[in-house]
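Following the hints, put chain B in place on chain A, whose structure we already have.
2 protein chains.
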Amino acid sequence: MRKIDVAELNKKYTDYLGKEVTVAGWVKSARDVKSFGFIDLNDGTGFKGVQVVCNADMDNYANVIKLNSGSSVVCTGNIVATPNNKQPYEIQAKEVKIICATDDSYPLQKKASSFEFLREQAYLRPRTNTFNAVFRIRSLAAMAIHEYFQNNGYLYVHTPLITTADCEGSDQMFKITTLNFNDLPYTQDGKVDLSKDLFGKQSFITGSGQLHGEAFALAFSKIYTFGPTFRTENSNTKTHANEFWMIEPEIAFCDLEGLMDIEEEMLKYIVRYVLDRGMNELQFLDKFIQNGLVEKLEKVVNSKFVRIDHKDVIDILKQAKVKWEFEPDYGEDIAKEHEKYITEYFNGPVFIKNWPKDIKAYYMKLNEDGKTVAAVDLEVPGAGELIGGSQREEDYNKIVNRCKEMNVDTSTIDWYLNLRKFGSCVHSGFGMGFERLVMYLTGIDNIRDAIPFPRTPKNCNY
Amino acid sequence: MRKIDVAELNKKYTDYLGKEVTVAGWVKSARDVKSFGFIDLNDGTGFKGVQVVCNADMDNYANVIKLNSGSSVVCTGNIVATPNNKQPYEIQAKEVKIICATDDSYPLQKKASSFEFLREQAYLRPRTNTFNAVFRIRSLAAMAIHEYFQNNGYLYVHTPLITTADCEGSDQMFKITTLNFNDLPYTQDGKVDLSKDLFGKQSFITGSGQLHGEAFALAFSKIYTFGPTFRTENSNTKTHANEFWMIEPEIAFCDLEGLMDIEEEMLKYIVRYVLDRGMNELQFLDKFIQNGLVEKLEKVVNSKFVRIDHKDVIDILKQAKVKWEFEPDYGEDIAKEHEKYITEYFNGPVFIKNWPKDIKAYYMKLNEDGKTVAAVDLEVPGAGELIGGSQREEDYNKIVNRCKEMNVDTSTIDWYLNLRKFGSCVHSGFGMGFERLVMYLTGIDNIRDAIPFPRTPKNCNY
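Protein chains in written order, with our numbering: chain A, 1420 to 1881; chain B, 1420 to 1881.
It is possible that some hints are incorrect.
The list cannot tell twin chains apart, which means a pair is met if one copy fits it or any two copies do.
Calculated pairs, DSS-like style, for lysine-lysine (alpha carbon to alpha carbon, straight line, at most 25 Å) [what the hints assert, rightly or not]:
id	residue 1	residue 2
1	1610	1620
2	1594	1877
3	1779	1513
4	1447	1467
5	1759	1730
6	1513	1790
It is worth saying that the hints were derived from the structure and are not from the lab.
Excised from the complex, chain A in its bound form (with noise of 0.2 Å):
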């Protein structure tokens, strides 16, 4: 008999009952109650399990009751409506194969589980509900943005990793080589011979895609791309890891306002995909990560992004009656604090836009003051910045003097600044951190818990 999953059974019931099922899958607990006993079994294939009742006179009952947690079975047997019970069927066991039983060693017994204990067992923590909960939800959310971008004529295309450009500056990236640390070729000045290397010449892992993205949006108007991207910064922080996966759309002949509106839309895409297909994770994580996520995911689809100029950010900032620890200023970057003021001040998001231009990159439109720059973040309720965004300069002049006026190096970005030669147009694109998206979906406040295996400085196990 083939198996089914535990997701497909929980789904169709009604379909087996009264039939003879086998399902394959994790004991969560094991329980006797004399004549009988349960078993909690998931195989994954969902959020919620099965009940596997077994007769006492099973030939290994004895075995199987004090089966531990994480052991793996295959059990069959009839499904049986259970009205007036917390769940509406059962199986009634007719055999229970242990295939592998776990003993005292298994990391993960029943007791809760701290999350720094659980990080160092990033290989079983996907077994507990939270992480069951959490990384299914990642998925989700993965297949809305697929979804989403594709459903509006967006092409997927796959930036490359490895790079000899970057739009985020060399200094943030990781060197990758082919050589042996500790037998070096050097060149006669005495420098290491990088054209020994595989590429002939230092190459990078890449912090962003929206370069390559760029080229491609001017052949096909609507783009994203999705993919792992890396920084070096050396700093432990509940929002920072050295690698994690971005998406980066470019969209031709789209100014500012176009890009807010399809990042709002986007937005409401995903929340209300995860609200449709993850609300059993979402209750879960309601109750035991963060009180009010699903009211807060609710309202999100269904509010009016607010849209204003940093400046006057800046002056709501200035007139609230908070000592801050940082003052806001014109001029500068608005802090963690400020983003929580200024989410909670709206009661939503808020896109924050035109921002002075000496804080911004040298690729975002200049705006005609010559003092502010075409650039949108969108700030959150509860996760701040989500995702950052811009108008593209698309005047070659103008960029090769913010390059000038910037010292950014432009012998490995010819290409792209000849883009705005060869039928230049108005052009927008924004990036968002999705594990940041994840922590919003979910609740989880440390990135290392919205990352299947995460790496932070000193620490890149598994």
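Just chain B now, with coordinates in the frame of chain A:
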């Protein structure tokens, strides 16, 4: 007026007959026929563009009609049916705004360019018909893969790219570092002091997500990865790149036969998806790149894939009246010429299974004969090996023994081996190189033309 995507217009032009629309995109060609002129325009949202008709009395007619390929324009005009013409409608322009005209310095002039030349123009080549088609099929195939797995209850997992463990061997991996090559720290015994590196030890970018994928399969039963992968191979062939994308599903409680069922179903789903949504592109590629492409793909969808043991394949090859470059042998891998022969022999895709253990990896399930492993390669006509998979060894003692026999360093994969202690079960998985798939789907015969910005030895531009 808000602009409309050309793809949308081509799909629903009857809704717009007699109405005014605005389209924005790039000129493919412009030509003057005395009292009026034509612009072939595409915005890249679809494979097919739109014809814009301009009257000679238009203000800027003289400039419009001499526009070079690649110039960007915004056109407003009425949609008019054009029966008996090659396209069912055209836009009668009221206004053509020239946004950025290209001149003679534009690298892609109207004449056809060689693939070699276009590789040097990787940032512009998506504007050509061939690469428009290839990258569009690539995007469709990626979505097909996500749809197939998500619809069938698989969890999408982002396995880490930065790793200290790898299933393909560290000599095939790029090392990453934040250290300055020309100012390296040393330990007392004169070795480079990697404890000073960001992760405090030697780390790499990965050649596979399989090991981490297995950990997740033993929690969620059915998972898939889809992400970039890296190999340091210093080989310049048509099928090797140093950076490529892989799909690596892992399935718990699934044996080799079950794995082949999944591979066959998935591949047919992808091909069907691309046939349904990319026929314009496929017909173009059929005409200019690989004659018979569409027929080849249609045939795969309706075929039953052959399943045959490695030793029986060797029998067939030995009996063949062919003078081989490499003599087929029971203990050996099969060569390109053998792959070609065997797919032609069976006239369709062939699963070759149960390979000699000595030429396969330590993690593959040892068969009862003690000589072969439960591995399977899928060979497809015209492209050779497309997918490689196996049942994984689920027995702790057996996998540890295999590691010893094959001198596998287990110090960084103890957690992976421990999966065999904690609720282990029969499980299987495969890896499909995404570029190989794209080559198969498009008929493109060089991997450099199936990747947006290919990375090969001495070649890391853009």
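As a check of your reading, is residue 1610 near residue 1620 (CA-CA no more than 25 Å) within one copy, between copies, both or neither? both (13 Å within a copy, 23 Å between copies)
Under a CA distance limit of 25 Å, which applies to residue 1779 and residue 1513: within one copy, between copies, both, or neither? Neither way: residue 1779 and residue 1513 sit 66 Å apart in one copy and 39 Å across, limit 25 Å.
Taking 25 Å as the upper bound on the Cα-Cα distance, should residue 1447 and residue 1467 be classified as within, between, both, or neither? within (11 Å within a copy, 55 Å between copies)
I want to check one pair: residue 1759 and residue 1730. Are their C-alpha atoms no more than 25 Å apart within a copy, between two copies, both, or neither? Close inside one copy (17 Å), not across copies (66 Å); limit 25 Å.
Homomeric proximity label, residue 1513 with residue 1790: Cα distance no greater than 25 Å: neither (76 Å within a copy, 37 Å between copies)
Within, between, both or neither, where residue 1594 and residue 1877 count as close if Cα-Cα is 25 Å or less: both (17 Å within a copy, 16 Å between copies)
This entry does not satisfy hints 3, 6, going by the numbered hints stated previously.
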